[in-house]
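Q: Listed below, chain by chain, are the residues.
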Amino acid sequence: MGKVDKGDLGRFLPLVDRSATPVVDPRGAEVAADPAVVRLAILDDLLNMGRANSLWPLTFGLACCAMEMMAAGASKYDLDRFGAGVFRPSARQADVMILAGTISKKMAPVIRQLWDQMPGPKWAIAMGGCTIDGGPFKYPNQYAIVEGADKIVPVDIYIPGCPPRPEALIAGFLQLKEKIKAGRKFNR
Amino acid sequence: MSKALLEVLEPFTSSSEESDYGATGIHRRHTTTLDNLARVCEAFLGAGYIFEMLSCIDLREKEEIMRLCYTFNSLETADRHLVHADIAGGLEAESFEAPSISSLARGADWQERETFEMYGVTFVNHPELERLLLPEDADFFPLRKDFGRIEDAEAQDD
Amino acid sequence: MTNAVPPEATPGGGDGEVYSLNMGPQHPSMHGVLRLLLDLKGEEVVKAKPVVGYSHRAHEKMAENRNTLQFLPNTSRIDYLSGMIYNLGYCQAIEKILGIEVSERAVYIRVIANELNRISSHLLWFGTFLLDLGGITPFLYSFDDREEILDILDQVTGSRLTYCYGRFGGVTMDVDEDFLARTTAFLARIRERLGMYDDLVAKNVILRERCINVGVISTEMAKSYGVTGPSLRASGVVYDVRRAEPYGGYEKFDFDVPVLHEGDTMARFHIRISEIEESCKIIEQAIKGIPEGAILPKKMPKRFKIPEGEYYFAVESARGHFGMYIVGDGTDVPAKLKLRTPSFSNLSAMPEALAGTMLADTIAIVGSIDVVMPEIDR
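Protein chains in written order, with the working numbering: chain A, 1 to 188; chain B, 1001 to 1158; chain C, 2001 to 2378.
I should point out that these hints are in silico values taken from the structure, not numbers from a laboratory. Some hints could be false.
Said to hold, decoys possible - The list that follows gives simulated cross-link-like pairs (lysine to any residue, SDA-like), each with its CA atoms no further than 25 angstroms apart:
(1) A:K105 - B:D1137
(2) C:K2281 - C:H2270
(3) C:K2302 - A:Y139
(4) A:K105 - C:N2022
(5) C:K2049 - B:F1141
(6) C:K2049 - C:I2363
(7) A:K151 - B:P1142
(8) C:K2305 - B:G1022
(9) C:K2305 - B:E1061
(10) A:K138 - A:W115
(11) C:K2281 - C:R2193
(12) C:K2049 - A:A108
(13) A:K138 - C:S2159
Could you put the whole structure together from the sequences, leaning on the hints where they help?
A: As structure tokens, then:
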């Protein structure tokens, strides 16, 4: 079978091939002769590519960063070109939760509940200084906010800024895409 | 500031003086007692003023009072009046009570709830005095001076 | 076997059973983290109770723990859509208290920045209001217009949303000819766009059916709740802080205060569109008359100590009357800083305005009030 060198497509192999010939992984290492293992890994890569290129965010603006998230979804900085423009209001239909804004202690249980409602695989992007470690509202004995989103949900990407520009959010999405595509390295 | 309004307010305020609007943004300040508070509010609202703001200053340590500050403003010609009403009580006082004016000015409803949860001032006859901004199970009054001071923070190992 | 359902089994049917619906802090309409506990009888709202506080960030406590200069970055984050107005408003409050002179040029620059911010806030409201009602296209157009304003202000201040442009006595960066040229070009653009929005949106029969006579706030109700801003002006009261208590140079400019008397959602919509036009007029006059000069005073004190006493300063934000009540004790850390935000009072009128309306109208009414949750929760 000829090797089709088209970048990602080069890894595509017909799934019904049940021959026992050893298959060389396109990244160079020679893989064991068991075709099933190879095929599952490639399937995994395919699925990850699908997930990465069609991330559906949850509409979840908390504070100021929400405005920049909306601007990123609007016409000038279009998130839709990256497949991530379909904002879902329901947590059950979303892949990625963009935590945009300060997390107050009153809101924290709601965030956890929404995170638990999201079906896996799911990712979280912490957008803005407030979700990284409290941001401009962090001071000793602050009674009202949770200092950092990673105290509530496992965060994959941190985007600094106050608020980060829409381009920064897009850069965060691209980084998340790379992380998803490199799936096996991150135990997902 | 009409003379008629001043005359109506006269018996219910213990002091009433002009204030330099250019420097402070307030036209006139008054002091009243908790018992006369409702009458003062009625006088202002009856003259067409609106209830603008309710705030509280924690002076328990300095003067053994909790000071309530109300501002009333006229929408036709800017005329802002600041009314003080003090609740006696020091740092050891168990509770602070004040009459509610939410039946007179409906905007006071939420402002009194916020003052209640931030300072612990209970407004008697308020229809639904419960926490507004803090979680329902909060048991502290954040804007009191002895709460949440930076000096009292435990050393954090960031 | 009949399909007839006995009336008592249907909520709202027959005598009607009231059931509760939670419009939780996370929901599609773009108001931020507002939670509405609705008691519904079928589609009719019997009682609506807003639960707020999901965005409480302790601004007032921070003000008591920071000196006057350190509180500047907080000011734009109170209401991030009128961030420039709040930031400059706080500067103007401290300048009034301390008697700091502001140069003419800085006054004009502030007015231009304020009005640009107001236009961008109204444009965002326009887009999201229609998005709530189901019209997705105007959102994309109005955000495109808004991006132009954000680029203009970004060029000067360095930030797009939460500005810290003001300093006590002036502004940080000077504007150049390019800024003025871009702003003038933007004015021409927005005026043309407003014509398009009028044809396509304001005359749209679906919008008119959903907004006319919906959510009427009477004058008496608005005054009793302390409602201010476009919502008050739509209910017949001519009150604009820029006219009532002129500050920051607004007495020099000639502009109208639009007022309508119906008090319904459509009136609030028209008022905000008219306010965009009025802001354009103000910006034009400011660009024409901007003098040369410095933007900051030469000598500034290192610490800005607030003398003992109580002070109140109000500005007109895009949502209404924003007042700062500052209690000073002689040091540069205020003893008390109370932020009287317009959305707090505007939203407190909602339970009464929503009772008796239909569920679909709830979104339209709450959207037309234009609330920003962090401003309520501070």
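Q: Against each hint, give a clear statement of whether it holds in the structure.
A: Hint check results:
| no. | hint | result |
| --- | --- | --- |
| 1 | A:K105 - B:D1137 | 11 angstroms, holds |
| 2 | C:K2281 - C:H2270 | 17 angstroms, holds |
| 3 | C:K2302 - A:Y139 | 23 angstroms, holds |
| 4 | A:K105 - C:N2022 | 20 angstroms, holds |
| 5 | C:K2049 - B:F1141 | 23 angstroms, holds |
| 6 | C:K2049 - C:I2363 | 14 angstroms, holds |
| 7 | A:K151 - B:P1142 | 23 angstroms, holds |
| 8 | C:K2305 - B:G1022 | 18 angstroms, holds |
| 9 | C:K2305 - B:E1061 | 22 angstroms, holds |
| 10 | A:K138 - A:W115 | 24 angstroms, holds |
| 11 | C:K2281 - C:R2193 | 15 angstroms, holds |
| 12 | C:K2049 - A:A108 | 21 angstroms, holds |
| 13 | A:K138 - C:S2159 | 21 angstroms, holds |
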